[in-house]
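The listed protein sequences correspond, in order, to chains A and B. By the count of this note's numbering, the first sequence reaches residue 564 at its end, each step adding exactly one. By the count of this note's numbering, the second sequence reaches residue 648 at its end, each step adding exactly one.
Treat the hints loosely; a few may be bogus.
Computed Cβ-Cβ distance ranges for the label pairs, DEER-style [to be verified]:
(1) A/E543 with B/T624: 43 to 53 Å
(2) A/K372 with B/S421: 53 to 63 Å
(3) B/G516 with A/D426: 39 to 49 Å
(4) B/S421 with A/V505: 25 to 35 Å
(5) A/Y545 with B/T624: 39 to 49 Å
In silico EDC-like links for lysine to aspartate or glutamate, alpha-carbon gap of 20 Å or less [to be verified]:
(6) B/K519 with A/E75
(7) B/K496 with A/E75
(8) B/K419 with A/D80
(9) A/K84 with B/E415
(10) B/K519 with A/D80
(11) A/K79 with B/E393
(12) B/K419 with A/E82
If you want the ones that stay clear, here's a sample from chain A, every Cβ over 12 Å from chain B, calculated [claimed, not checked]:
(13) W279
(14) F322
(15) K471
No wet-lab data here; the hints were simulated from the structure. For glycine and all other residues, C-beta sits at the position ideal for the given N, C-alpha and C.
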Amino acid sequence: MGGLLIKNGLIYDPLNKIDGEKMDIAISGGKIVEKIENAKVIDASGMVVMPGGVDIHSHIVGAKVNTGRLLRPEDHYKDVEPKTAITRSGVGCSIPSTFTTGYRYSRMGWTTVMDPAMPPLKAKHTHEELNDTPMVDKGSYPLLGSNWFVLEHLRAKEYEECAAYVAWMMNVTKGYAIKIVNPGGLEAWGFGRNVRDIDDPVPNFDITPREIVQGLCKVNQLLNLPHTIHVHTNNLGKPGNYITTLETMKCVENLATDRKPIIHLTHCQFSAFAGEDWRTLKSASEEISKYVNSHSHVTLDIGQIIFTNTTTMTADGPFQFILYQMTGNKWVNNDVETETSSGIVPFHYKRKSYVHATQWAIGLELILQIKDPWKIFLTTDHPNAGPFTAYPKIIAWLMSQKARDTIMKKISKRARRRALLSTIDREYTLYEIAIATRAGQAKALGLKNKGHLGIGADADIALYDLDPEKMNLTKHPVAIRRAFRNSVYTIKDGEIVVKNGEVVKSVSGKTYWVDVKASPSLLEIEPELQKVFEEYYTVKYENYLVPEHHLAATTSIPIQAKV
Amino acid sequence: MAITLRLKKELKVPINAECISPNVFAGKSIEEIAELPLWEGNCKRSLNDIFEIGGDCGKTPSEVIIHLVGSLSKAQRIAASMSDGEVKIRGDVGMHLGEEMKGGKITVDGNVGSWAGSAMKGGTIEVEKDAGDYIGGAYRGSTKGMQGGAIIIRGNAGTEVGCYMRKGLIKIYGNVDQFVGIRMRNGTIVVQGNAKERAGAYMIGGKIILCSHIPSVLPTFTIDSIKSKAKAEGEEIKGPFYLFIGDLTENGNGKLYVPKNRNEHLKDYEAML
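Turn these sequences into a full structure, and let the hints steer you where they fit.
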């Protein structure tokens, strides 16, 4: 791996507090180093240099994503990528094939992507697809919010035993963080039911979603996992659900120590609805942002709506069933044994629909009203609210009121009249964009070598053809979009992988997972588990485990647990 | 202003020929047209690798007439998305002819493959011989079939004619296979020849007029009345017809006309009137 020297670029590196300074960056051995001699020089004058993008929440791989691909041939038909000497062929659009996903992320300058929903039972499939997703480093979060073992331990308030189970789970599924989707509700869905709110007990388990979130938050702290719990709230996508969202954030308030985030609420746009029904739907962005602005224990990502035809897919089976009933579209719904559920429904977000346009406004209102960019990140919950390829568009909306106004003129009149968005004049700076798309997400994920350009960081870098010194970016949203759509250079582990929006080298990218080290007595749960497995599962215990050699580029992060 | 494309040699693998369209040709010189890219299997070729090109073409799509000569049954997506002008094909042609076309006219004096006129919005396709399956249908997975225009087949057609059709007219002079008008939303299908079973399965709206024999009507259709005639886009077809409404599994309100005289075996339905 030869060295590289990026000269004269305008550096945006929020984790090291560098805001648009002209500096040189030296790379050697895949890392950023202090200086280098006789290296290949990239002249980055007139370019913006940022750490490679990080995506905290993007459904790119796994059983349900693949079922989504099968469900939507019409989605791929018009978006075909022929193979080149370097890249493999593939199809898009809202659910690109694995290789295409990697290439498209890399072309935009993204270098780390986390898949947020892995049913442990489907972990092998997930990792096989991760192996086939090139160009980016990646990981996946096992779904634990409705898992029978977790629920039973938490009901008995056996936090240490639950921690042991979660540690075991991270190890056997090669997972990265605790994902909670509609806590308890997915278990109820196995019996055709759901939970109504955070204090509605889960049928057959006598435990409330509140206890599940609190319990897993405690477990997360006991295990010292790099990321916080990653929560998809109860009642997601229902008018009036912002109360549940606020309650979810409040319920772990007391567990916070030293002002560090302990809960991540994902795609919070879908959880910030006020009103009684779809007709009276209103934005609750003000209430949510007020709370987030005054508390430091929570981070969010938006899940910004894009007006397009996309495919919704979540582990939230009951929500997906409602969506099917609303749209009448084709659908898939699944109950994953003792663990979770899932559902898929194609969906078209339309500008002229009051509900969709309001959702669009809610997302932007949230990210613009929450003052601290370290607390809210840019995502589309790919592909639920729109494909990740729309990030450049959202960056333009965030940086330019002009861009927002252009869309505002085209949306449903009623939504426009009622949207708070038109009164917000905040415009993100490039520095803040670098936080929302990279630094903040890497920090929230606890990836110490990602999201910054300090000495020792992984040399994942994106160079964009944008010169804020020559151009007032807020007046030129099209230039922003164009620049972020195709990076001039994407550098992955010190190698140039994309040049002028074309993939020039295919690299495999690492798969991160947390290897939790806890006291050996606590981890001796396998014999017990094996017994219960025989009773609960349709697969053999031995076939359930994902061996490390199953991962093409395995990178374990050793974690010392507190127990 | 006509341009002629003559197939140089027999096609061994499919070609993806969406570039053969008045919209693409309009305003281009012969040399430019000759260089248009197309895929033959997994190889990228230019148009003059496959065709001998002669004549000239007009500046706007409406002035362009394209003559295609040769056995093109492996040529797919010809005239896809065309909006004006004319394409005349002497010989057979492959799948997805005139897919999503918006206007203009395509005439074929041979057979056409499946999905001819799928998701089309306007214009006319006329075929002298037989057609494959899914004529005027929707692409796999999509719910948008034909949304306007007319398709006329003088020979027979395959299964699922007018699948997910939303508007327009499909007229088949020959016979059709199973599932004519499946999942139809609106529009009209007229079949002069015989139809096989399961006509109108899952249909929600629209009209299927059968003019000859059908072995059976789906049990999820209910007889409404006997009509002396049926109307198809201004044209009157003489009956008498049994009028069935369905498909009730979808709470549908589609109309299925079946001629009384050619279907004696359906006489028992009259008792339910």
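Results for each hint:
no.: 1; hint: A/E543 with B/T624: 43 to 53 Å; result: 45 Å, holds
no.: 2; hint: A/K372 with B/S421: 53 to 63 Å; result: 57 Å, holds
no.: 3; hint: B/G516 with A/D426: 39 to 49 Å; result: 43 Å, holds
no.: 4; hint: B/S421 with A/V505: 25 to 35 Å; result: 26 Å, holds
no.: 5; hint: A/Y545 with B/T624: 39 to 49 Å; result: 41 Å, holds
no.: 6; hint: B/K519 with A/E75; result: 10 Å, holds
no.: 7; hint: B/K496 with A/E75; result: 17 Å, holds
no.: 8; hint: B/K419 with A/D80; result: 17 Å, holds
no.: 9; hint: A/K84 with B/E415; result: 14 Å, holds
no.: 10; hint: B/K519 with A/D80; result: 18 Å, holds
no.: 11; hint: A/K79 with B/E393; result: 12 Å, holds
no.: 12; hint: B/K419 with A/E82; result: 13 Å, holds
no.: 13; hint: W279; result: 22 Å, holds
no.: 14; hint: F322; result: 19 Å, holds
no.: 15; hint: K471; result: 37 Å, holds
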